[in-house]
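K.L.:
Chain by chain, the residues run as shown.
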Amino acid sequence: MTDNTKNKPTKWQQEHKKNTAKLGLWTTIWVLTMALTNFGPRFLWDNNQTLTIIAVLLNFALGLKMVLVNIQHIKGLDEMQQRIQLNAMGITLGLSLIVGLTYSNLDVVNLINFHAEISHLVIFMGLTYLTATYIGTRNYQ
Amino acid sequence: MKNKLKVLRAERDWTQAQLAAALEVSRQTINAIEKGKFDPSLPLAFKAARLFKLSIEEIFQDEEN
Chain A
0 MTDNTKNKPT KWQQEHKKNT AKLGLWTTIW VLTMALTNFG PRFLWDNNQT
50 LTIIAVLLNF ALGLKMVLVN IQHIKGLDEM QQRIQLNAMG ITLGLSLIVG
100 LTYSNLDVVN LINFHAEISH LVIFMGLTYL TATYIGTRNY Q
Chain B
0 MKNKLKVLRA ERDWTQAQLA AALEVSRQTI NAIEKGKFDP SLPLAFKAAR
50 LFKLSIEEIF QDEEN
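If you read the protein sequences in the order shown, they are chains A and B.
When the count follows numbering that gives the first Met the number 0, it moves up by one through the first sequence with no breaks and lands on 140 for the last residue.
When the count follows numbering that gives the first Met the number 0, it moves up by one through the second sequence with no breaks and lands on 64 for the last residue.
Watch out, some of these pointers could steer you wrong.
[Said to hold, decoys possible] Examples of chain B residues lying across from chain A (beta carbon under 8 Å, computed):
#, residue
1, Gln15
2, Val24
3, Glu33
4, Lys36
5, Gln60
Don't read these hints as lab results, they were simulated from the structure.
For each residue, glycine too, the CB sits at the ideal point set by N, CA and C.
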């Protein structure tokens with residue numbers, strides 16, 4: 000290791016930064032098209048069915064792109080970071096399955112007086128993933 | 000698994016960030032390995048051995064021995 004190279008970002012660090020920025024960009028684009036798909040028919044194109052179908056397909060296609068970029072981002076992480084992500088994904092998948100189905104059961108058997116919305120499950124998944132990643136990171140500190 | 004990463008790094012006057020850059024991992028990963036909280040994979044252990052010009056056994060030791 001020479002003095003010149005000591006503080007210069009390495010190719011791996013630059014790649015990691017690029018992958019993170021790319022994931023942020025594609026996630027933002029996907030979220031924006033999600034908003035467009037939900038609010039466009041009412042506020043932008045007066046329920047034109049063709050435009051609505053295009054918006055739904057565009058949102059779906061951009062969602063797939065976001066998943067691919069996420070895979071690329073995870074592949075670019077180092078082995079400890081990958082393990083933290085894998086654990087967080089496992090916890091999120093497991094808890095989402097059992098909490099999601101329990102929540103659905105509560106609705107089906109009328110133990111709650113509101114509809115079990117899919118958005119509630121998505122919020123739960125997001126919060127679980129964030130918490131599991133935070134705890135996983137802390138455990139290795 | 001015990002390791003001498005911290006000692007070897009200090010002998011060379013390298014920071015965790017510099018070692019992380021040389022091994023192409025994050026600084027947090029170097030910190031976790033040094034504290035014995037994370038065991039590196041064989042490829043990463045070989046990479047560290049090459050960097051320090053030592054054998055893997057000279058850097059990493061099984062705690063049962």
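K.L.:
Quick check on glutamate 33 (chain B) please, does its C-beta sit within 8 Å of some C-beta on chain A?
P.N.:
Since chain A brings no Cβ nearer than about 11 Å to glutamate 33 (chain B), farther than 8 Å, the hint is violated.
K.L.:
Was the hint right that glutamine 60 (chain B) lines chain A, CB cutoff 8 Å?
P.N.:
violated, 20 Å
K.L.:
Just to be careful: measuring from the Cβ of lysine 36 (chain B) to every Cβ in chain A, is the smallest value less than 8 Å?
P.N.:
holds, 5 Å
K.L.:
Does valine 24 (chain B) pass the interface hint, meaning its C-beta sits closer than 8 Å to a C-beta of chain A?
P.N.:
Holds. Min distance 4 Å.
K.L.:
With a cut-off of 8 Å, does the beta carbon of glutamine 15 (chain B) approach a beta carbon of chain A closely enough for the hint to hold?
P.N.:
This interface hint is violated because 12 Å lies over the 8 Å limit.
In terms of the numbered hints stated before, the structure departs from hints 1, 3, 5, listed from lowest to highest.
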